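The hints should help you fit chains G, S and P onto chain U, whose structure is shown.
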Amino acid sequence: MNDWIAIGALALVGLLIPLGMMAVSYLLRPSVPETSKRATYESGEVPTGGTRIRFNIQYYMVALLFLVFDIETVLLFPWAVVYLDAVESDAVSLFEILAPMVAFVVILLIGLAWAWRNGAVEWAQTTRQVDAEGNRS
Amino acid sequence: MTVGIEYYVLLSMLLFCIGLFGILTRRNALMFLMSVELMVNAANINLIAFAFYHGNLTGQVLALFVMALAAAEVAIGLGIILVLYRNFRDVDVTVPTTMRW
Amino acid sequence: MAVVELPEWAALAPVLILAGTALALFVFDSINPRSTNRTVLAGTAAIGSLVALGVAVWFTVAGVGASGLEGFGAIELFDGQLVVDQMALYFMIIVAVVTALVSVASYDYMEGHTYQAEYYSLVMLAATGMATMAAANSLVTILIALELASLPSYALVAILKDNRGSIEAGLKYFLIGALSSAIFVYGISLVYGATGYLQLDAIATQLETGAADGEFAYGGLLGLGILMLIGGFAFKTASVPFHFWAPEAYEGAPAPIAAFLSSASKAAGFVIAFRVFTTAFPLDATSALIGVDWTLAFVILAIVTMTVGNFAAATQQNVKRMLAYSSIGHAGYALIGLAGLGAGSELVMGAAMMHLLVYGFMNTGAFLFVALAEHWGVGRTFEDYNGLGQRAPVACFALVIFMFSLAGIPPLGGFWSKYFLFTGAIEAGLLVVAAALIVNSALSLYYYSRLVKAVWFEEPPAARDSLGQPTGLYAAIVFAAVMTVVLLPGFGPVVETALDAAAAMIA
Amino acid sequence: MEGVFDFAPAIAVFPLVAFVIALAFGKHLPKKGAIPGILATGGSLLLSALMLVAVSSGEVYHETLYEWAAGDATSATGVEGIAFTFGILIDPLAALMLVIVSLVAFLVHVFSLGYMNAEGETGLPRYYAGLGLFTFSMLAFVYADNLLMAFMFFELVGLCSFLLIGFWFRTKSAPSAAKKAFLVTRFGDYFFLIGVVAIAATFGTLQFAGDESFVAAAQTAIDDGGTLFGFDAQTWVTITGLLVLGGVLGKSAQFPLHTWLPDAMEGPTTVSALIHAATMVAAGVYLVARMFGYYALSPTTLAIIAFVGGFTALFAATMGVVKDDIKQVLAYSTISQYGYMMLGLGVGGYVAGVFHLMNHAFFKALLFLGAGSVIVLMHHEQDMWKMGGLKDKAPVTYYTFLAGALALAGIIPFSGFWSKDEILYDAFIVGLEEPVIMAAYAMGLAAVFFTGFYTFRMVFLTFHGEPRSEAAEDPHPVGWSIKAPLIVLGVLAVVAGAANLAPVYKLTGLELTFLESWLDGEYGAIEGLTYGAYGELLAYETGVVGTEQLTVMIAAGLSLLLAFSGAGVAWKLYNVPEPVVYRDRLGRVGDVIEANYYQDEYQVWLAEGVTLPLARAADRFDQTAIDGAVDGVSTASLFGSDRLKRIQTGIVTNYAALLVTGFIVLLLVLGYAGGWFL
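Here the protein sequences come in this chain order: U, G, S and P.
Each residue of the first sequence is one higher than the one before, starting from 530 at the first, in our numbering.
Each residue of the second sequence is one higher than the one before, starting from 114 at the first, in our numbering.
Each residue of the third sequence is one higher than the one before, starting from 69 at the first, in our numbering.
Each residue of the fourth sequence is one higher than the one before, starting from 11 at the first, in our numbering.
Just chain U, same shape as in the assembly (with noise of 0.2 Å):
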């Protein structure tokens, strides 16, 4: 006997007793449709529109930053890892260390200089911006 059939076998299990109770559910529960049950729920209060609505641009521009950023900080992890054990030995310098990761850091405030400069990280929109979006449509 394999030890893996043991483990399908659970894996197997596991699917299966929600798809079942899901499935006697379905067949077992009343259906009555009602508008108000397929309502946008907003705690309570009388919904002001679908679910579907559009996210201002801002909420991906700003993600967008953050998601690059934040990779690059992954980056900077392997770097602190050899850091002490390169700054004891004797056979890389303190400027070779530290020189790659310096200009990389300079590089990535220089890409977060021009975002800022051009807006990126603004909340509200600048009256260009505005023109810009009418002009769009």
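FYI, nobody ran anything at the bench for these hints, they're computed from the structure.
Heads up, some of the hints might be wrong.
From the structure, some residues in chain S lie toward chain U, with a derived Cβ separation under 10 Å [stated by the list, open to error]: (1) A87; (2) L91; (3) V95; (4) S98; (5) I99; (6) N100; (7) R102; (8) G180; (9) E186; (10) S189; (11) W524; (12) E526; (13) P528.
In silico BS3-like cross-links for lysine-lysine, where the CA-CA straight-line distance does not exceed 30 Å [claimed, not checked]: (14) P:K582 with P:K403; (15) P:K37 with P:K182; (16) S:K521 with P:K655; (17) P:K655 with S:K229.
None of these values were measured; they are calculated from a predicted model.
Each residue gets a CB set at the ideal place from its N, CA and C atoms; glycine is no exception.
Frame of chain U, contents of chains G, S and P only:
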């Protein structure tokens, strides 16, 4: 108990094929992007598993780079999808067909 | 010998200069957002790329990276992650030249455009990526450089934000690019899995040991990995079957960007293909491990690519799209350089390198002519170009040079590189490839001469106002035309450099 | 004489300069280009004479001047690389020929002053330019040191003859004659060209002389006994030799490519003199002499040369009998005489052939110029039946013409006798052992009779008897520019035979065979290019009748007898005050001869009846099958293009699918090739 390397490869290949399947069937640009991410992550699984297998860190470091690149790619991709939506009022990748043949 | 002993990393100067220019443009845009001072921006970009070009030429002449008595030997940086040798410098020259031409031409083309600084800095970033590709010597650096070249390219293609064609082109380019790079990354992971290394020389050593010991168990993984790597290169070089993005991307993109992508980007794609396949996968050891000669893949790709490109180009109505397909066809010609490596002769790869250099001028020039036509606003089809020769004889004469050179008519530069490719293919025993080259060249003459006929011999459809003569575009076109012609007398040194570089790679 | 050879290139360059001057400035020059031409050919003559002296003092010249192409192909005999060069080879043969050519050219130029200038022709710059180029080509051909260079100038000679024969291009016949000359000789030259290529491919060299020559290479190949291109070496040498001979037959107007020559009489008579005596026609025979070492290696080729020569000699002589036009008679005599030369060379009589070439150059130039003089006298009337009685009115012309005629007829002691007799003697002694040669000899011998007959028929009709037209009664006077060349040539026609009095040597032992010593390299020669060296190569056996003296006597006596009888018949029939036309008495034979044995007719039939339908069929094939195929290919390509570009559907998902499909196909192909699935 160590899991044999071939299972990792099998897993990554499965993931890769799922991603590929998504690309071939999904028409939504965002789903397309996600599928690509799946494929990239399949590669990452490989890299990390093989790094473990070979006992060197090269693969793991590359995996980090790949993640960063994937993120950058998504950033560009989202930007393009945004302008796509503005111009075509849709994120269906099969809609823009002004140029063909 | 250099008077001042430069540090080793200075060998990367062309790349660093390009990167520095890109950053400088970003800083400029940060200080002065939405600047439309085209002169400063285009000037910075052009000067940056020209300086990079100058340094690269200087290094080549001075023998940096060259083997032998005169040279310094290939310079390896960062544990062999990057390498500066003759081939790297050769392709840096191609990239820098095309970048300079594109920057100068964009001065007029991008007139009235909102995102000036972004445009130029993206161009410079992409150029940095391409130049790094030339020097990349490890699958890590190759991947990063490739993405550094690709990501700005996606944005550049789609930079005309209100132009549906541009957006569509950008989307298609991006989607196919994302898929291809996913395949490429997966290929890298497989090769890594099979060998445990990413540095090209280390991979080669591993393979050779494995082939010698007979204890190499991952032939299948390796084979699939290599094939997936080929996929990545095929995307970058617009080769079948990864070429589908090219016609649309070139057609929809701003014409200078199309020129940039079809010349520099393609060349950069080839340089990594050359380097990876000559350095990392020694033919004998790899064939022993995966059971098949990888040149076979390139033989197939070369034939199919040139056939698809040329045949699809033959009946195009849109000039830019015709050039796009012809660009695919030329990728097929250059692929002969890899297909013929089996014979162990440097001639065929050197010929492909020559072709890419000549192509850098003639194809860029041709696309820039399209840029000029778009600048004039005469339209996009062959009929719209009718009779342009009467209005703009200089540019149209340059166009004739480009077209005939692309078709490979003696004595223009394009003939010689094609001739070398042909003899190289024959020498390598690839008679089918050589025959395909001939057949496709003959076919290509048909559609190239169609354009010449339209421009010079057809009557203009209606009375046309006199056409402007934008300085930047004209300068770039005339320079490209002159180089296309002058490369013939200068072909001696070019041939020598290309063959030296190829020999250094194969040895 | 040290350094005299440095001026060798100038021999050919002088006329070339004259050509340029005449062409560029001829209109403005006093004599329309005649003066530069005379100066140039005079200079060439002087230099050629210097070369002759230098060679006689034991020096030879063989230099490659310019290499214009080189390849690294390996020849069939294993020679690596081949170079195509221009070079100069001056040995006794070339030096002799240079003098002959430049002398005749010089005299023709002088004569032209009287014949063309004084007659008020238009287009003279073109004429003198043509003469200059003609002389240049021939001189360069003569001292070419390799076969390819020789071929190039051989072709240039042909081109010049075309230009000059068609000088009066406004008439109807001249352009057609020019075209005919050009086409017929070109037909032969195709074979020549193939021969050149074959020789180059076989031996990797085209040099005439030296250890590197193709002659030496061929000899080595035959000695080694290998096979070349699937043939026995000797057979292959025969084949290539015959190919080159094609050019010779065309240029030297040998059967069956002789038809152009009579028509070429449409050119100015001076041009005829140049063509027949020293340049075009001589080029063919000279080429055989030049590469005699090569032909000597192949008895078959030699036998063919001899037989064709003998046949042509008789064949042309019979046609000359019935011609009424003075130039036509001379034209057939030329064909006939070159037949003799071919016969001589073909039987291994190298000296005899060259000797006759030299003598013929003099007396034929003389006869043509004399005929030119007669034509001037006769106000451009060429029909002999309208002449007569010119003997007293133009004594200089008459006596010089008579000297030429006696030489042509082979009457002792005029020059023609000595050389023709030597040829016939050589043919006779070989013929005693070889039946084929005997047949050739017999034809040559028979031709002697006809030669004597038509020559004197011409002389008598032209100069004797009563004037038969107004023009003949009151001839146009001729100037000194016409008479001087005639006198020079007349003297030469009488005495040139003294150069090689072989029968005298054989009968009396007196060493009077200067030409033989000359060509045998006693004064100096290039190794392997001597009569002696050729003699060793020859495979002919010779026989004698009784003693050598007796054989000489028999041969000489026979030919003299026939010559005299031919002349005598002519005397009897035509040396009367009022000669009558006897043609009708020949009946059908006469018709056939009059029509030149229907040579033109059958060649025209070949062209129109065979070649033209073939060409039409080929054209139809080209129009339908080939063009159809080409059109089909292009249509199919464009159709394929139209289909192929439809893959680009514009839908990016399809692209992804196609991309993956393509990738998988590639994977399958590679996997199949690599056996991954097994």
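Now for the hints, and whether the structure bears them out:
Of the supplied interface hints, the one on S:A87 holds, with its beta-carbon coming within about 9 Å of a beta-carbon of chain U, less than 10 Å. Below 10 Å, beta-carbon pairs count as interface contacts, and S:L91 has one with chain U at about 6 Å; its hint therefore holds. Because the beta carbon of S:V95 sits about 6 Å from the nearest beta carbon in chain U, less than 10 Å, this interface hint is met. A cut of 10 Å between beta carbons decides the hint on S:S98: the least distance to chain U is about 4 Å, and the hint holds.
Hint status for S:I99: holds, given a least beta-carbon distance of 8 Å to chain U, under 10 Å. Interface restraint check: S:N100 against chain U, minimum CB-CB distance 9 Å, threshold 10 Å, status holds. Satisfaction of the interface hint for S:R102 is found here, the shortest Cβ-Cβ separation to chain U being roughly 8 Å, below the 10 Å cut-off. Taking 10 Å as the C-beta cut-off, the interface hint given for S:G180 is violated, the closest approach to chain U being about 14 Å.
The criterion of a C-beta within 10 Å of any C-beta in chain U is met by S:E186, whose closest approach is roughly 8 Å, and the hint holds. Residue-level restraint check for S:S189 holds (minimum Cβ-Cβ distance to chain U is 9 Å; threshold 10 Å). The interface hint given for S:W524 is violated, since its Cβ lies 41 Å from the closest Cβ of chain U, which is over the 10 Å cut-off. Because the beta carbon of S:E526 sits about 39 Å from the nearest beta carbon in chain U, more than 10 Å, this interface hint is broken.
Below 10 Å, beta-carbon pairs count as interface contacts, and S:P528 has none with chain U, the closest being about 35 Å; its hint is therefore violated. Using a Cα cut-off of 30 Å, the hinted pair P:K582 and P:K403 holds, with the two alpha carbons roughly 23 Å apart. As the CA atoms of P:K37 and P:K182 are separated by approximately 26 Å, the hinted pair is consistent with the 30 Å bound. Pair hint S:K521 plus P:K655 holds up; C-alpha atoms about 23 Å apart against a cutoff of 30 Å.
Restraint check for P:K655 and S:K229: the C-alpha separation of about 28 Å stays at or below 30 Å, so the hint holds.
Consistency with the previously given hints fails for numbers 8, 11, 12, 13, ordered from lowest to highest.
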